[in-house]
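One line per chain: the protein sequences are G and A, in this order.
Using the numbering used here, read the first sequence as starting at 1 and increasing by one per residue.
Using the numbering used here, read the second sequence as starting at 1 and increasing by one per residue.
To be clear, the hints were calculated from the coordinates, so they are not data collected in a lab.
Where hints are given, some of them may not hold.
[What the hints assert, rightly or not] DEER-style ranges, computed between Cβ atoms: (1) A/E546 <-> G/L183: 56 to 62 Å; (2) G/E109 <-> A/L80: 35 to 41 Å; (3) A/G543 <-> G/G213: 40 to 46 Å; (4) G/G177 <-> A/L488: 32 to 38 Å; (5) G/L76 <-> A/S20: 16 to 22 Å; (6) G/H89 <-> A/P81: 41 to 47 Å; (7) G/G152 <-> A/S20: 50 to 56 Å; (8) A/K425 <-> G/L76: 54 to 60 Å; (9) A/A254 <-> G/G177: 36 to 42 Å; (10) A/N145 <-> G/A220: 55 to 61 Å.
Cβ atoms here follow ideal geometry from the backbone N, Cα and C, with glycine treated the same way.
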Amino acid sequence: MPGTIAPPDIELIIKDSRGGGGGGERPPDGGDDGNDGDFDRQRRKRPAPPRRFSTAIAIAMVSILMFFMALASAFLVLHHSSHVWVAVHLPRILWVNTAVLIGSSFVLERARGRLSLGDDLNFRKLWLVSSVMGFLFVAGQLVAWRQLAVQGVYIASNQASSFFYIFSGAHGVHLLGGVAALLFVLLHNFEKSQISVSLAAEIASYYWHFMDGLWMFLFALLYLGK
Amino acid sequence: MVTYDGDAHQPPTPRAGFVSRYLGSTDHKTIGLQYLCLALFSVFLGMAMSMVMRIHLVWPGAHTPFLSALGDTPERYATLPLLHGSLMVFFVLTAAPQLGFGNYLLPLQIGAREMAFPVLNLCSFWASVASLFGTAAAFLAAPQNGITIWIFSVSIFLAAALCSAINFSVTAIDLRAKGMTLPRLPLTVWAWLVNAILGTLIFSILLASCAGLLSDRLFSTHFFSAAHFLASQPANVAADPLPALWQRLFWFFAQAEVYVAMLPCFGIVSHLIATFSRKPVWKERLVVLALCAVGLVGFCVWGQHMFSSGLNPFSPLVFSVLAASLGVPATILLVSWFVTLWNAPIRFNTSLLFALGFVSLFLSGGLSGVFLAGQHFASTSGSENFIVGHFHLVMGVAATFAILSALFFWFPKLFGRRLNESLGKTHFWLTFAGVYCVFMPMHWLGLVSQSVKNAGADPSSIAAWIVPASSFITAGIFITIFAQGIFLFNFLWTLLRGERIQEDNPWRATTLEWSVGSPPPADNFGEEEPAAHRGAYEFGVPGAAEDFIPQHIAPDRVAKAN
């Protein structure tokens, strides 16, 4: 019965349908109002924007940085005020670990490059390689702990060794979070998800590179602090 | 046949069980209310502890029922101030204005339907509850284990507060409704945002320090051990002051924590004063800048507490200047409040009275802070009473007044009922008089006992003054706590039997939370997509029919005066 359809109804139906007809008329976010007009008659409920994940990871990184800066400043203060600072002989494997971690960042970027070209298979392969390298790094850190323990250097042996274990332990925990994020991107089905796989990969890569840079800073601090 | 597409014709969702409706709800309004309940419980527990402490000070031999059963040792007494402080600072001053009211109102005021990360929000809340249990358990455990439990509980609270701070920042940055530009944000939202950013910076510092402390206690490391430090020094410098590493890290957090407690209160009070004055906030942009400045300078003044512990001789100067420069944003806020109130058609209700009480306490507490910002005074006033009086007035009590003013203001929004005004005013005046009777004599006691040390006056003549003053303070505590009983009665009675509000916007306020029902529907804005069309404080606009224009009213729908 076409005669029963009133024009305003049609307008509402069109606006309700996502992606169809004139559904995407809404001006971009954050813009000042020019023509607020009939906007509040629109009945579509807006999902929370995916950029919230990028913002959150940026703020979280600042927060994590403050955590490690507090420990680093404690390291510097104690190092300079102590008369008998017993340096830790850093195991050689740490250099290998560092190289693996830096390498994983490069592989991750290549994977993202593949993804942007639409090459999903190679993206997944490279991404998996990067995740495995992350695991290798953590395993290598545990080997370093083991080597120190064999030398008789434990967490409570002296202040320098306490800092080594605290730094590498706290960094390792944060890095395992990064590995979990990488595996999430690899295994999660993004078909019905609120965010796209490329955005998820981008956010995970920010965190991963941050962990990479943070380790290089901590390693340099421990090495130069001898 | 064409039908409307939408939720209107769907059957109502079945009533969820108790767990999913309250304990496991990710709704920001439920979580906000739960934080407020947590704060209410903690504030009464903390007050009970302060009463026990005062009784011990005035009548040292008195038998206290609960404490005596626990073994009335000095260690047990020493844990009382620790527990009183951690309950009040973490679970009341940090939780109520930011996590309680912020969780409830931030999404509503910016036109969002949820927080950015609702599940994270829920986890943060339950971590805070676990932390509260841990803190209380620390009191009951033996002192050595108790301290470890306490540090662990504080760490959990800090991690939860960090997650909340990230959640708040992202919500305020990314989830604003259409048209809710930064200049249109209510000052409350600005304060919550600045506070959340400050929180992400400082909570992680204390978390790192707690990690070091826990490692010292559990793994026998030596991050903060003074004995180990002295042993590692050459013999001739052992007399020098300690590097006081823990104090530095702790005050980096704790001085900024004062502003974490105060910033949301500044926002709330500015918001309330404008609404009750029926005038726009005076120099709103300047007030926003002042809020940001409080956050920025608050982050930099940690050394202010270190004057007596041997810093580099130049650093006290820097920190003195920084601490004194906090006076600038504080003055801007004060001037803005006074100018907004000037010549305004004010009707004194309880909410406004508490807001004005906040201004009064902030001013008197802040003035004694000016003395403490000077290096010489702070390093010589070894007597604790002056400092105790100062920070209780400016941080504890003032913030509590702001929390109460917010509660009286938003109670109709939260529960659809209004707190009783006569009981509220009695509560206000008794509390106001009570806290001044408690904390002003403490300033005086601090100065008097300092003069004994400095001038070598006869201690017995001074002691004749000190004992009655202490008894006076304890009497003041009793009055104040009695007044809180009135409040508790008012709160519970209103919740069950109180007068229901006739209209959704009883205060004729402008911000978005008043554009919906009271209490708001589950998805906050129902069918309508929220939008802001104007600034947050459009009161007394010329040519409008009413003396306020809410933010959600489109320009073409403003009722004109004929």
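Each hint, compared with the structure:
1. Distance hint check for A/E546 and G/L183: the Cβ-Cβ separation is about 57 Å, which falls inside the suggested range of 56 to 62 Å.
2. Distance hint check for G/E109 and A/L80: the Cβ-Cβ separation is about 56 Å, which falls outside the suggested range of 35 to 41 Å.
3. A/G543 and G/G213 have their C-beta atoms about 57 Å apart, which leaves the hinted 40 to 46 Å range violated.
4. In this structure the hint that G/G177 and A/L488 lie 32 to 38 Å apart at CB is violated, the actual value being about 43 Å.
5. At about 50 Å, the beta-carbon gap between G/L76 and A/S20 misses the expected band of 16 to 22 Å.
6. As the Cβ distance of G/H89 to A/P81 is approximately 45 Å, the hint placing it in 41 to 47 Å holds.
7. At roughly 54 Å, the beta carbons of G/G152 and A/S20 sit within the given window of 50 to 56 Å.
8. Take A/K425 and G/L76: their Cβ atoms lie about 56 Å apart, and the range 54 to 60 Å holds.
9. Under the hint 36 to 42 Å, the C-beta atoms of A/A254 and G/G177, about 28 Å apart, miss the expected range.
10. Roughly 39 Å separates the CB atoms of A/N145 and G/A220, a value that falls outside the hinted 55 to 61 Å.
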